[in-house]
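Take these sequences, add in the hints, and give me the full structure.
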Amino acid sequence: MLIFNFYLTFDGMKPENVKEFLDEQAALMNTADFIPDDPVQFPRQYTKLQDIEIVSFLVTTIAWGKRSMILRSAERMLEKLGESPYEYVMNGDYQRLGNRNIHRTFFEQDLKFMLQGFERFYRTYRSMDDFMATCKTADRTPQQLVETLSRFANEAAGGKNNTRCYSSNLKQSALKRVNLALRWLVRDDGIVDLGVWKSLKPGDLYIPLDIHVGNVARELGLLNRKQNDRKAVEELTAILRSFNPQDPVIYDFALFGIGVGGKGAFER
Numbered sequence: 001m002l003i004f005n006f007y008l009t010f011d012g013m014k015p016e017n018v019k020e021f022l023d024e025q026a027a028l029m030n031t032a033d034f035i036p037d038d039p040v041q042f043p044r045q046y047t048k049l050q051d052i053e054i055v056s057f058l059v060t061t062i063a064w065g066k067r068s069m070i071l072r073s074a075e076r077m078l079e080k081l082g083e084s085p086y087e088y089v090m091n092g093d094y095q096r097l098g099n100r101n102i103h104r105t106f107f108e109q110d111l112k113f114m115l116q117g118f119e120r121f122y123r124t125y126r127s128m129d130d131f132m133a134t135c136k137t138a139d140r141t142p143q144q145l146v147e148t149l150s151r152f153a154n155e156a157a158g159g160k161n162n163t164r165c166y167s168s169n170l171k172q173s174a175l176k177r178v179n180l181a182l183r184w185l186v187r188d189d190g191i192v193d194l195g196v197w198k199s200l201k202p203g204d205l206y207i208p209l210d211i212h213v214g215n216v217a218r219e220l221g222l223l224n225r226k227q228n229d230r231k232a233v234e235e236l237t238a239i240l241r242s243f244n245p246q247d248p249v250i251y252d253f254a255l256f257g258i259g260v261g262g263k264g265a266f267e268r
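If you read the sequence shown in the working numbering, its first letter stands for residue 1, the second for the next number, and so on.
Hints are not guaranteed to be accurate.
Label pairs and their in silico Cβ distance ranges [to be verified]:
hint, residue 1, residue 2, range
1, MET90, GLU20, 40 to 50 Å
2, ASP139, GLU24, 17 to 27 Å
3, GLN227, ARG104, 17 to 27 Å
4, GLY98, ASP23, 41 to 51 Å
5, GLY159, PHE21, 24 to 34 Å
6, SER168, THR137, 25 to 35 Å
7, ASN101, PHE34, 27 to 37 Å
For the record, the hints were derived by calculation from the structure and aren't laboratory data.
Where a beta carbon is used, it is the ideal one built from N, C-alpha and C, also for glycine.
Following this line, the structure appears as structure tokens:
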């Protein structure tokens, strides 16, 4: 197997060599050639901050399964929202959604749940970035953002929760899709990610921990925890920050790229 052969090269690798190896792999992946086959292409199609935020969170919410299927589903979903997803939300156009399938177990009613929450949110805050800037520095976390977005969505839905959209276990969840959206919004090297937020710095980010990233990290000796949960995210991110304090999540390109091994899966 391709991934197994990769792993054989990791045995006994010294920490300094692991960093050098990941730096090389990240540089190979973090290029403009990465964009056309990745969901990051969708928020890059917009210029308005609120459009970019909405699209980033919607697309990462359905970013699981085969990459080709994710791209098709995301394109169909965004077609419903027209030229400006933000205007679609604020005009209440989501009320016309039925319950047709969007992506695997995600349906139009799930999309509506998120969009009506976004409308309430954006009637309170100019942007998600502005909201995070209002939080104390210690509270500018993925958990804080998810808790707030979920609360607005639950209120708009009459108190109902939807775990297909937002995790209900913030103490344990790895929040991999949210951390991926934040990578897109915050990293600012001008290559793949958009870097449109000012409330967070790249060094504040946490690794989007999926099955591929977790498996490769364990083979490299970077992660001891067996579960892909919040503690594992914090453990792995701490190591990656020791490699690159200003931009630890750049290694997502390396770990994920090695992990998928060209098989076309995107288990985000």
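Each hint tested on the structure:
no., hint, verdict
1, MET90 with GLU20: 40 to 50 Å, "holds, 48 Å"
2, ASP139 with GLU24: 17 to 27 Å, "violated, 36 Å"
3, GLN227 with ARG104: 17 to 27 Å, "holds, 23 Å"
4, GLY98 with ASP23: 41 to 51 Å, "holds, 48 Å"
5, GLY159 with PHE21: 24 to 34 Å, "violated, 49 Å"
6, SER168 with THR137: 25 to 35 Å, "holds, 26 Å"
7, ASN101 with PHE34: 27 to 37 Å, "holds, 28 Å"
The structure is inconsistent with the numbered hints 2, 5, although it conforms to all the rest.
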